[in-house]
Amino acid sequence: MKALKSKGVASLERRIFLKQSLSVGALSLLSGCELTDHDGVQRVLGAMSRWNDRAQAWLFDPKRLAPEFPESRITVPFPFNAYYGEDEVRVVDGKSYKLQVGGMVREKKPWTLAQLYALPQVSQVTRHICVEGWSAIGKWSGVRFSDFLERIGADTTAKYVGFQCADDYYGSIDMPTALHPQTQLSFRYGSELLPPKYGYPMKLRIPTKLGFKNPKHIAALFVTNEYPGGYWEDQGYNWFSGS
Amino acid sequence: MATQIVKVHPLLVRIAHWINVLAVLMMLFSGWQIYNASPLFNWSFPSDLTLGGWLAGALQWHFAAMWLFAFNGLVYLVYGVVSGHFRRKLLPITPRAVLHDVGQALRGRLAHEDLSVYNAAQRAAYVALIFLLAVLVLTGLVLWKPVQFYWYGQYMGDYEGARLLHFFSMAGVAFIVVVHVVMVALVPRTFPSMFTGRIRKAS
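From first to last, the protein sequence lines are chains L and E.
Position 124, counted from 1, in the first sequence is what my numbering calls 124; the numbers after and before it change by one each time, with no gaps.
Position 123, counted from 1, in the second sequence is what my numbering calls 123; the numbers after and before it change by one each time, with no gaps.
For reference, chain E alone in the conformation it holds in the complex (with noise of 0.2 Å):
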């Protein structure tokens, strides 16, 4: 069997990639903290899988890693447009295609030959997990300054309304971190391409 080696992640998209993990991290344990301080529903977040040891430190651990998360989303996003990344590899998506991967996945039998084709489920999974996190600097700016955004948080039922999203976009995020690091492991290979930016290709 000939193999080829072909690249999968452009450099600035790697970058990318690991100062978010760090940031999303670091924004997520505070996040964690800071429910803890007043919980939205009647159960909190283990301390162990907190950052900042009590709600001041938490507030500045959250409040210094947004700067890191907003500006390397924004460098990702405008080059994800720009460079035409976005079209090439999270597009087209259809919802037929997404139930197909995502059902081949769950059976274990989803292909990977070529890894430098995300398949549907991949695909609907980056977008969501892109939207989840904008929506996450939409309602965390809300909830920083509601007095300032509030132009554009009343539409999202201003403080309390955007503190729900806030929370329920954050759950979406660990989940699809979750499965996501689940899927890594199952095809260890694509590990060192995040690093590399290539990969072998079976052919």
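With the rest of the complex left out, here is chain L (with noise of 0.2 Å):
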């Protein structure tokens, strides 16, 4: 009878066995795509993610700049690259333009093309690395970042700066990349007005992270401490992505 009873239990374990490991070998046989929507999986990746974004932050030198290049070595023609064809580029109106300005800053009043271009202006000519892995080196010329964020009398303490775009695409970085000297609000492409497919009337040029960081047709921005995402991060891109 007991020998009975350990044999039953015995064969118990030998399929609770076989049962699981069929389960290991069914999850090895799952596609790449199949493992990655797996909740759990999608957990740990997610940790990781935010991790690498506190890594990042961690590696990134605010005094640190992006190598910049001789215009001989301007890519041409620069690729365009949205979340949206050529084809679907928004065309913004420049009289009626504003740019309007919220969050922890102490001057929200909204401010024209014409005033923006009155400001300092300054030029560099890096390298633009998408996310994709592609890269281009391009010219872009603005106001330096730091420079308006200071007229505007921003809250730099504040743990974000975020965007609203014209084309519907919003995004979000973080203060010290915004306060980099390198980072840029960019009016002009080369020697002339940025044009429609690279972001008119002006995007955000920030040479220390990918692409998809640099919004274009930038409408609103504000400062705030609550994480704003953004278009592609709430789809599962790394959110800092720095350079």
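One or more hints might be untrue.
Using 25 Å as the maximum straight-line C-alpha spacing, the simulated DMTMM-like pairs for lysine to aspartate or glutamate come out as follows [said to hold, decoys possible]:
hint, chain 1, residue 1, chain 2, residue 2
1, L, K109, L, E226
2, E, K145, L, D93
3, E, K145, L, D168
4, L, K139, E, E160
5, E, K145, L, E192
6, L, K63, E, D158
7, E, K145, L, D39
8, E, K145, L, D53
No lab work stands behind these hints, which were simulated from the structure alone.
Put the complex together from the two separate chains, hints included.
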């Protein structure tokens, strides 16, 4: 009787073991996509992405400059990239355009393009690196973003600067990157006004971040301590995405 | 014929090996998906061999697995140097011996009575693998943070140079892994020793 029972337990254990082995086997047979969609896997990957945000913030040296290049190395034509096709590029009316400024700032009055063009301008020839892997060198001119934040009396102890764009894109960056000397509110590409496909009337050019962190057609910006997310970040791209 | 059981793989090497298998497979399959987002050449990896579903998923896998891969590799390297494991098992390597053993292996005549000693072809392959994996970490850091690591990235052709080096190092790793698995299949009694650490020595 006792022997019978233990035999039964042993066979039960064998069956459980077999079942577990089968599910491990089945898991390994899942395609990468199904494995990635698994809830537990999603939680681990999400947690690792937030850990990578912290690691990048720690690695980011606010004084380290992105390399600048001679104009002869500019990529021609500079590639167009957005979450829509080039035939759907939004055209913003510059005459009625005003940049809205909000959140933790002292001066909330909107800015016309004429007022923005009157600010001291700087240029850079830097490398744009896309999250997809390709890179291209371009020349942008505009106002140093830290100067602009100072002018509007931004609380630079806040965590984030967020953006709303005329093409319904949105995004956000960390304050140390916003204050980096090469982060630029750009109005010009090369020797001309920023054409619509590159983000007229302005983009935020950040050579220390991946391309998708450089919002185009900016309509409003705000300073905040509440995480604003972003168009691609909310779909799984790493938020910090620094270079 | 008398047989004798000999120790071949220290416990730490066995653990590091299997963690590395997992980490490298995750890095390879997610890396191929990342490659497909903007192929360097005019071909892509079959999607059945990719991990992550799309670019964002693949990047999450790649940048999660990289920590496992790098820390495991670091522990293995420190152990290998400090314990003398590398010196005992991987040295000396002479080009003449490597060529000789590779030639023997291709003719199916490579002797393996004593599997506790690596032949010259194995030593060369393992050293090459360690080297390529280290290059993958260094080029990977330049791709991940081209500005922060520009101080050394500039000597490997900056971002685009590191991208090519990363790709070709990956190809080298994939090649060595395939040869390694084929060799294990040809000499199957080496396989359990990677778990138990012991192997029969024919004498």
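Going through the hints against the structure:
{"no.": "1", "hint": "L/K109 x L/E226", "verdict": "holds (22 Å)"}
{"no.": "2", "hint": "E/K145 x L/D93", "verdict": "violated (37 Å)"}
{"no.": "3", "hint": "E/K145 x L/D168", "verdict": "violated (29 Å)"}
{"no.": "4", "hint": "L/K139 x E/E160", "verdict": "holds (19 Å)"}
{"no.": "5", "hint": "E/K145 x L/E192", "verdict": "violated (31 Å)"}
{"no.": "6", "hint": "L/K63 x E/D158", "verdict": "holds (19 Å)"}
{"no.": "7", "hint": "E/K145 x L/D39", "verdict": "violated (29 Å)"}
{"no.": "8", "hint": "E/K145 x L/D53", "verdict": "holds (13 Å)"}
This entry does not satisfy hints 2, 3, 5 and 7, going by the numbered hints stated previously.
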